[in-house]
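Construct the entire structure; sequences and hints are all you get.
Those sequence lines, one after another, are chains A and L.
Sequential numbering of the first sequence, starting at 1, is according to the working numbering.
Sequential numbering of the second sequence, starting at 304, is according to the working numbering.
Check before you lean on any hint, since a few could be wrong.
Computed, partial: chain A to chain L, Cβ under 7 Å [said to hold, decoys possible]: (1) T52; (2) L54; (3) L55; (4) R77; (5) K78; (6) Y82; (7) S88; (8) Y90; (9) D92; (10) K100; (11) F101; (12) T104.
If you are wondering where the hints come from, they were derived from the structure by calculation, not from laboratory data.
Glycine included, every Cβ here is placed at the ideal spot set by N, Cα and C.
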Amino acid sequence: MNAINVENITMTYNKGKVKALNGVSFSVKKGEIFGLIGPDGAGKTSLFRILTTLLLADSGYAEVAGFDVVRDMKSIRKIVGYMPGKFSLYQDLTVEENLKFFATIFKTTVKENYHLIKEIYVQIEPFKDRRAGKLSGGMKQKLALCCALIHKPEVLFLDEPTTGVDPVSRKEFWSMLRNLKKEGISILVSTPYMDEANLCDNIALIKDGNILTVNTPNGIVESYKEKLYSIKSQNMYQLILDLRSYEETKKCFAFGESLHVTFKNDLVDLELLNNKLKSNGHENIEITEITPSIEDCFLALED
Amino acid sequence: MRAIKILLIKEFQQIFRNPAILRMILVMPAVQLIIMPFAANYEVKNINLAIVNHDNSQYSQQLVNKILSSGYFKLSINTQSYDVALNSVEKDKTDVIIEIPSNFEKDLIKESKTKIFVSANAVNPSKAGIGSAYVMGIIREFNSAILAQLVQQPKFNNIPRIEATPIFWYNKFLNYKMYMVPGILVSLITMVGSLLASINLVQEKEIGTMEQINVTPIKKWQFILGKLIPFWIMGIVMLTIGMTISYLIFGIFPQGSFGLIYLFAAFYLIGLLGIGLLISTIAETQLQANFIGFFVIMFFNMLSGLFTPLDGMPQWAKYLALANPVTYFIEVMRMVIMKGSGFFDVLPQFFALIVMAIVFNSLAILNYHKTN
Chain A
1 MNAINVENIT
11 MTYNKGKVKA
21 LNGVSFSVKK
31 GEIFGLIGPD
41 GAGKTSLFRI
51 LTTLLLADSG
61 YAEVAGFDVV
71 RDMKSIRKIV
81 GYMPGKFSLY
91 QDLTVEENLK
101 FFATIFKTTV
111 KENYHLIKEI
121 YVQIEPFKDR
131 RAGKLSGGMK
141 QKLALCCALI
151 HKPEVLFLDE
161 PTTGVDPVSR
171 KEFWSMLRNL
181 KKEGISILVS
191 TPYMDEANLC
201 DNIALIKDGN
211 ILTVNTPNGI
221 VESYKEKLYS
231 IKSQNMYQLI
241 LDLRSYEETK
251 KCFAFGESLH
261 VTFKNDLVDL
271 ELLNNKLKSN
281 GHENIEITEI
291 TPSIEDCFLA
301 LED
Chain L
304 MRAIKILLIK
314 EFQQIFRNPA
324 ILRMILVMPA
334 VQLIIMPFAA
344 NYEVKNINLA
354 IVNHDNSQYS
364 QQLVNKILSS
374 GYFKLSINTQ
384 SYDVALNSVE
394 KDKTDVIIEI
404 PSNFEKDLIK
414 ESKTKIFVSA
424 NAVNPSKAGI
434 GSAYVMGIIR
444 EFNSAILAQL
454 VQQPKFNNIP
464 RIEATPIFWY
474 NKFLNYKMYM
484 VPGILVSLIT
494 MVGSLLASIN
504 LVQEKEIGTM
514 EQINVTPIKK
524 WQFILGKLIP
534 FWIMGIVMLT
544 IGMTISYLIF
554 GIFPQGSFGL
564 IYLFAAFYLI
574 GLLGIGLLIS
584 TIAETQLQAN
594 FIGFFVIMFF
604 NMLSGLFTPL
614 DGMPQWAKYL
624 ALANPVTYFI
634 EVMRMVIMKG
644 SGFFDVLPQF
654 FALIVMAIVF
664 NSLAILNYHK
674 TN
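Dropping the structure here:
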């Protein structure tokens with residue numbers, strides 16, 4: 001049995017004017033970390049709200065842990081943990097009070113499932129008497145994760161848990177998720193950060209309410225059929241202009257310190273290109289073939 | 304029950320931690336009850352009076368002294384020119400002008416007839432009306448006094464006279480505060496029940512905690528009850544504080560039973576919380592809830608007979624007042640506190656409140672389902 005099945009879900013806002021989800025289908029296997037990767041406005045949060053029974057889809061079918069999100073709404077609410085993108089705990093209650101509150105409404109105690117949150121909670125325990133509203137961003141995320149975990153959910157929904165969190169905390173956060181996976185919890189996590197995609201077991205790339213592809217991170221990279229080159233020179237701005245006007249160029253994106261370029265013909269003459277760039281006044285030209293990242297795949301799939 | 308208990312514990316933790324709510328519940332009734340009854344007063348005193356005396360005779364002087372010593376007036380200007388007096392009205396320094404013509408005394412004795420001119424600034428109609436009525440009354444008294452002096456008394460007094468002596472039931476000394484304090488108390492409780500409760504509910508919506516709670520086994524009705532019960536309790540606490548203050552400061556002690564007052568307050572608060580819940584289903588943010596709440600409360604207070612008696616309203620406004628829970632509770636408070644009315648005296652109001660509690664809560668629940 002899959003942890004989550006989504007079949008052809010459609011969702012519109014403003015009486016059909018705004019399409020949020022456009023026939024989305026995918027499934028999440030039990031005990032895996034499934035990443036929903038896409039830019040802001042792709043429809044990630046709408047999908048989360050549908051799966052956590054907060055929103056009714058216009059059409060389509062979805063089930064979580066075998067329960068229909070519409071018909072078995074109440075059962076789902078007992079067995080899922082949801083951490084919304086926006087911090088939604090009681091700001092005027094302390095760390096400990098928030099945790100206790102969420103434990104008791106799920107008819108459990110902090111003690112009973114302490115092993116699940118221990119690794120995370122020890123980091124915020126020194127601040128357990130501090131009000132949740134007064135915590136730093138990373139601490140808030142950790143507390144929210146603890147509160148979403150305290151009832152030992154079967155499926156955990158994390159809506160952009162690392163947005164606005166510093167790189168170190170992000171790394172920590174993902175290592176916690178890997179540990180939770182070991183406990184048998186299935187996790188659906190969304191993120192706008194492509195670099196986090198590699199940390200998932202399976203990912204779906206989503207844009208404008210459409211799923212572009214569903215695969216493992218490696219599978220997605222392998223399905224990238226073209227040759228990808230990284231090109232650098234001393235004058236990057238001029239290099240973009242030159243490469244974009246080059247007739248053999250298919251796509252050219254600025255990518256950190258270099259440009260990622262694909263060509264219409266895979267057998268492009270790199271020597272020729274090098275000379276052409278030299279004659280345009282570029283120095284220290286470096287052209288290397290590279291393996292594509294998830295982001296390259298996303299950009300390629302986008303259109 | 305267990306779920307509601309958890310929610311209540313959480314709610315009270317938050318309330319006791321929120322200085323704004325505590326201040327509102329403890330300090331607001333104290334301040335309002337101490338200040339408002341003194342300010343909301345219909346007695347007109349300190350009417351600024353301009354006297355234009357063209358006569359300067361003994362009688363005119365006597366009349367002026369009589370008017371000024373009545374206690375209602377303050378002399379703003381004593382002049383020989385009406386224009387000067389009118390000018391002072393324009394500058395808002397004078398409310399009423401009395402002009403005594405020259406030959407006032409002479410005409411009075413020789414012709415047994417004279418005239419006095421009274422003009423009033425009617426920007427504030429009640430001040431003008433009451434002020435000129437006071438002047439008229441004093442002149443009438445003065446008139447009968449000189450009548451007695453001038454007209455030779457007949458051997459036996461056979462002029463028929465009727466003398467009326469009023470008795471003021473339930474409020475012997477026409478103490479205006481007896482009337483205002485119960486009303487203000489009601490309007491305070493109204494505030495807690497509708498405004499505070501709705502703002503608090505909307506806050507959960509705004510911060511997102513409501514959504515977080517929705518993804519738990521807590522049911523909607525449990526969540527709502529967990530929110531409304533604390534405000535019901537706070538309303539009752541506020542009523543107790545308010546009654547203590549009105550006893551300590553104004554010596555107002557209910558003639559009727561406390562039990563009846565609390566019984567009414569209990570049902571009144573249920574109705575009000577329905578209104579609060581209804582507002583919270585309409586408003587998306589606390590600011591919106593605040594504005595809607597203020598509009599509703601303003602409307603309720605103005606159409607409740609708190610400040611202006613219902614009898615003076617046009618028929619359509621009376622119908623509106625009948626659909627206003629505040630009207631009934633103010634009525635009952637005044638009846639029980641001043642007259643000592645018992646349960647059967649206020650039965651109609653009791654039924655009206657129950658009907659309203661049912662109507663408002665049903666509307667709120669219907670709208671709650673629709674919006675969620």
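Task: Index of numbered hints that the structure contradicts, given in increasing order - done: When the structure is compared with the hints, numbers 3 and 10 turn out to be violated.
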